[in-house]
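Chemist: These are the residues of each chain, in order.
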Amino acid sequence: MFRKNMPGFLKKPGKMTDTNLLTTITIVVFVVMYLCAIIFLKEGFLKPQTMLNLISTNSYLIILACGMSIVMINGGIDISVGGVTALVAMCCAVHIENNGGSFFTAVLIGLGIGLAFGVVQGFLVAYLDIQPFIVTLAGMFFARGMTTIVNKDPINVYNESFMAIKDTKITVPLLGTTNKKGIYVPATIEIGVIIALVIVAVLFFMLKWTKTGRSFYAVGGNKQSAMMLGINVKRTTFISHVLCGLLAGIGGIVYFMHIGSGSPAHASGAEMSAIASSIIGGTMLTGGVGNIIGTLFGVLSLALIQSIVSSVGLDKAWWTGITIAAMLCIFLIIQSIIIARRKKANKAAGGT
Amino acid sequence: MPNKMPSPPKTSFWARLFSHQIVIPIAALLILAIFNLISDPTFFRIVFKENSSGNKVLSGNLISIIDNGSELAILAIGMTLVTAASGGQDISVGAAIAIAGSAMLRILCGGSSSPTELQSPIILAFIVGVLVAMFFGAFNGVLVAFFKIQPMVATLILFTAGRSIASWINNGELPNVPGKEFTYFGSYIPGVPVPTPFLIAIACFIVIFLVMKFTNLRLYVQSVGINEKTARLNGLNPELIKLMSFVILGICVAVAALIKVSRISSINYSVIAKDIEMDAILAVALGGNALSGGKFSIGASVLGAYVIQFLTTTLYKLEVSAVALPAYKAVVVIILVVMSAPTVREKLSRLGKKLRSGKTGAESAKA
Chain A
1 MFRKNMPGFL KKPGKMTDTN LLTTITIVVF VVMYLCAIIF LKEGFLKPQT MLNLISTNSY
61 LIILACGMSI VMINGGIDIS VGGVTALVAM CCAVHIENNG GSFFTAVLIG LGIGLAFGVV
121 QGFLVAYLDI QPFIVTLAGM FFARGMTTIV NKDPINVYNE SFMAIKDTKI TVPLLGTTNK
181 KGIYVPATIE IGVIIALVIV AVLFFMLKWT KTGRSFYAVG GNKQSAMMLG INVKRTTFIS
241 HVLCGLLAGI GGIVYFMHIG SGSPAHASGA EMSAIASSII GGTMLTGGVG NIIGTLFGVL
301 SLALIQSIVS SVGLDKAWWT GITIAAMLCI FLIIQSIIIA RRKKANKAAG GT
Chain B
1001 MPNKMPSPPK TSFWARLFSH QIVIPIAALL ILAIFNLISD PTFFRIVFKE NSSGNKVLSG
1061 NLISIIDNGS ELAILAIGMT LVTAASGGQD ISVGAAIAIA GSAMLRILCG GSSSPTELQS
1121 PIILAFIVGV LVAMFFGAFN GVLVAFFKIQ PMVATLILFT AGRSIASWIN NGELPNVPGK
1181 EFTYFGSYIP GVPVPTPFLI AIACFIVIFL VMKFTNLRLY VQSVGINEKT ARLNGLNPEL
1241 IKLMSFVILG ICVAVAALIK VSRISSINYS VIAKDIEMDA ILAVALGGNA LSGGKFSIGA
1301 SVLGAYVIQF LTTTLYKLEV SAVALPAYKA VVVIILVVMS APTVREKLSR LGKKLRSGKT
1361 GAESAKA
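Line by line, the protein sequences are chains A and B.
Using my numbering, read the first sequence as starting at 1 and increasing by one per residue.
Using my numbering, read the second sequence as starting at 1001 and increasing by one per residue.
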């Protein structure tokens, strides 16, 4: 199960690994969807800004989904990330608005909360052998409950220095457009996007070229074999949860920077969106298969389909849920067919 | 997975009692009961009161527990079967309740938002609700059994879409069911002092008990859950049994949906049965069932469901606000799972043995 994780284009297409095949499918689907959107719904989607807005709004989800992917590659799951995001956003808001703290300390608080969740959950999952679903379910309950204990009502932050950070827009060169009046409008992104992309890059390299990153795949693929290879399975599982918790903390900070308020209702369902994007991005729930680039495109596909649905005119709230579920369903069935075929091929080849 | 291992031979009555899984919910129940008795002796008082519609009914904390915990108990029946057969949990039950409830309201109100009289008999609406819930249960079941997708992930699809589908069925409207008959399922039938949801839950439990008694369902589900390959070699069809467990859960969902919508004679798509899937899974875990499948006890799960409601009511009594409830629940859950984790248990028993052997060693040294 421990497959070599070479970039797809270096190999013959027939010999693609599961990871690369699923990632390729995701990227192709995303590109096709975007082209269709440009062809059929010209106005908005032709502008680069639309795409950049898509990333800006979902930068926190990219970070959460990255953490989720790591845990899922390792064979586990973490459903507390949405709750942690809400808790971090709320704590940052209370810290800055009510206690007059600085943004820097708020960031430290956010990281600390994320790390604490990761360490506790990782310990329970890795060293006490408790099912990750149950542990992180309790984590979600706890985070959501704590959010309301910290502050019951939504709280908006009006602190000036924070607003300055929140409204900072970074101009992307070469992607600006000229509007109808002939004025050049530069294309902009938020700071969160940079953070998200840096995290994606770092994790991509980590999963590919570091020992820890590779052992996630090994443990997720087959625990017994990983143990025989001399990998510390428990520590690897622990690290995966700690990383996921930490990323949930960073995700919470980015979310807070985007939305500028704290509320118990924030990021509701974010854990499920993160799981869905990871799956769409080609991470398999059975573990051992997945790719951070795929996850990135998974989040973008999810966001794109939402904006397509709303601009096609299916603006009734329920269509978003139904289309995402349909997409998830299709991807899951594709995955299951791929696994089944591979098993058959292995059997035919006389393998295990 | 303590349940999968053959239990070591134990002779003493107490040892046998403690090895039974039902001891976990009973112990939790006892702890809660004693705690309540100490903090508020009047907690257990049950009085005869006249309710708003003029019926003489029982009321009190205990009654409210068995009343409000009933949907959860009914769901726990189906969830136990799904857990045992597939080794995974269905996280779409809350969404499925919204769908089934919405379908019932659609039939009852005939599409208009506030009709003056019932558009069709309640039994017809209930049957449609059951069929709809069974269909969605079968959808989950097919994904799990035939496409071999992990149950939690397969049901994630319906979890995402469920509430959207529910509001789509009624075109986004919140229909109000006219008349009193429909409210009986969620409150009291005139002349009966016991809340109807509890009666329905008991009826469900008796039905499933008889099914277990007179069919091989229990044996089949357990053998599929313990080892799918062996079950197949013994002539069982694991796919069919998994599918069946999801369909049975669908029926439970429909019954719970009937109670839920009857309580308010209407529906709120985003709020109805919110987070109930988590509570239902918790009930199964509290009942001492292995979440990885295999041996199960439905009675323990049902008891677990009422324990959760007991805990909720207790926390309310302590003036914990409804929104902060999950945090306290989480702490209880973590304590429970840590205590029942195999590694922790092993360590504890080893510690116990060490102490005992140390004692006997000391005694023999004395002698």
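Bear in mind the hints are in silico, worked out from the structure with no lab data behind them.
Here the structure is a predicted model, which means the values were calculated and not measured.
A portion of the hints provided could be inaccurate.
[As the list claims (entries may be wrong)] Here are the simulated DSS-like pairs of lysine-lysine, each with C-alpha atoms no more than 27 Å apart in a straight line:
#1 A:K223 / B:K1295
#2 B:K1317 / A:K223
#3 A:K208 / A:K343
#4 B:K1274 / B:K1317
[Stated by the list, open to error] Some chain B residues close to chain A (C-beta under 8 Å, calculated; not the full set):
#5 G1110
#6 S1114
#7 F1159
#8 W1168
#9 L1291
#10 A1327
#11 Y1328
[What the hints assert, rightly or not] Cβ-Cβ distance ranges computed for the label pairs, FRET-style:
#12 A:D153 / B:R1045: 51 to 59 Å
#13 B:L1219 / A:K344: 29 to 37 Å
#14 A:K343 / B:H1020: 51 to 59 Å
#15 A:A349 / B:I1206: 52 to 60 Å
#16 A:K344 / B:I1031: 48 to 56 Å
Glycine included, each C-beta is placed from N, C-alpha and C at the ideal position.
Chemist: Against each hint, give a clear statement of whether it holds in the structure.
Modeler: Hint check:
1. A:K223 / B:K1295: holds (25 Å)
2. B:K1317 / A:K223: violated (46 Å)
3. A:K208 / A:K343: holds (25 Å)
4. B:K1274 / B:K1317: Holds: K1274 (chain B) and K1317 (chain B) sit about 22 Å apart, inside 27 Å.
5. G1110: With a closest approach of 21 Å, the G1110 (chain B) hint is violated.
6. S1114: With a minimum Cβ separation of about 21 Å from chain A (threshold 8 Å), the hint on S1114 (chain B) is violated.
7. F1159: holds (7 Å)
8. W1168: holds (5 Å)
9. L1291: holds (5 Å)
10. A1327: holds (2 Å)
11. Y1328: holds (7 Å)
12. A:D153 / B:R1045: 51 to 59 Å: violated (35 Å)
13. B:L1219 / A:K344: 29 to 37 Å: Because 31 Å falls inside the window, the suggested range holds.
14. A:K343 / B:H1020: 51 to 59 Å: violated (39 Å)
15. A:A349 / B:I1206: 52 to 60 Å: The hinted range 52 to 60 Å holds for A349 (chain A) and I1206 (chain B), with Cβ atoms some 53 Å apart.
16. A:K344 / B:I1031: 48 to 56 Å: holds (52 Å)
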